[in-house]
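Residue numbers (this note's numbering), protein chains in the order written: chain A, 2 to 87; chain B, 2 to 87.
Put simply, identical chains are the same to the list, so a pair is met inside one copy or across any two.
Lysine-lysine pairs mimicking DSBU-like chemistry, simulated, CA-CA at most 35 Å apart:
(1) K87 x K31
(2) K83 x K31
(3) K33 x K87
(4) K33 x K83
The hints are simulated quantities; they were obtained by calculation from the structure and are not laboratory data.
Protein chains: 2
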Amino acid sequence: MNWLNSDLVGYVAATLTTSAFIPQALMTWKNKRAEGVSLSMYVILITGVILWLTYGIMLSAWPVIIANIITLFLTIFILAMKIVYK
Amino acid sequence: MNWLNSDLVGYVAATLTTSAFIPQALMTWKNKRAEGVSLSMYVILITGVILWLTYGIMLSAWPVIIANIITLFLTIFILAMKIVYK
Chain A
2 MNWLNSDLVG YVAATLTTSA FIPQALMTWK NKRAEGVSLS MYVILITGVI LWLTYGIMLS
62 AWPVIIANII TLFLTIFILA MKIVYK
Chain B
2 MNWLNSDLVG YVAATLTTSA FIPQALMTWK NKRAEGVSLS MYVILITGVI LWLTYGIMLS
62 AWPVIIANII TLFLTIFILA MKIVYK
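Using the sequences plus the hints, can you model the full thing?
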């Protein structure tokens with residue numbers, strides 16, 4: 002996989018796993034309910050994302066850093082709606 | 002953060018972001034419905050997880066590799082239930 006740049010793979014991966022939370026955020030926003038979304042899932046996920054961010058910073062792995070900053074915002078947004086619409 | 006090992010941070014992060022999908026999997030399994038779970042979210046997420054796995058392998062970053070193998074199984078399980086209970 003010589004021709005394949007690891008940073009490029011990382012950025013595409015980051016774009017996908019980050020954008021994965023956009024439909025969930027939009028669906029929760031549109032339905033004004035989040036019954037199907039697990040509260041504990043998002044609390045654990047957000048803690049994990051903060052630690053991935055720390056890991057990325059320690060290794061200077063930019064795809065990891067950028068992906069986790071954006072994912073952090075999206076997951077906090079979904080969690081906030083889950084709490085508001087409870 | 003000299004005393005802090007990046008692999009350790011990575012493994013804790015991996016454990017958290019991976020276990021985050023367990024409550025969602027259990028909730029979907031228990032309720033026998035997955036209306037609140039976004040189908041497009043999981044399709045994009047699974048593609049992204051496969052690419053993160055590739056990224057981890059290219060960098061020999063074991064926390065990234067292990068986390069994404071387990072997340073892959075859990076997200077495929079949730080997606081499968083979403084399709085079955087449609």
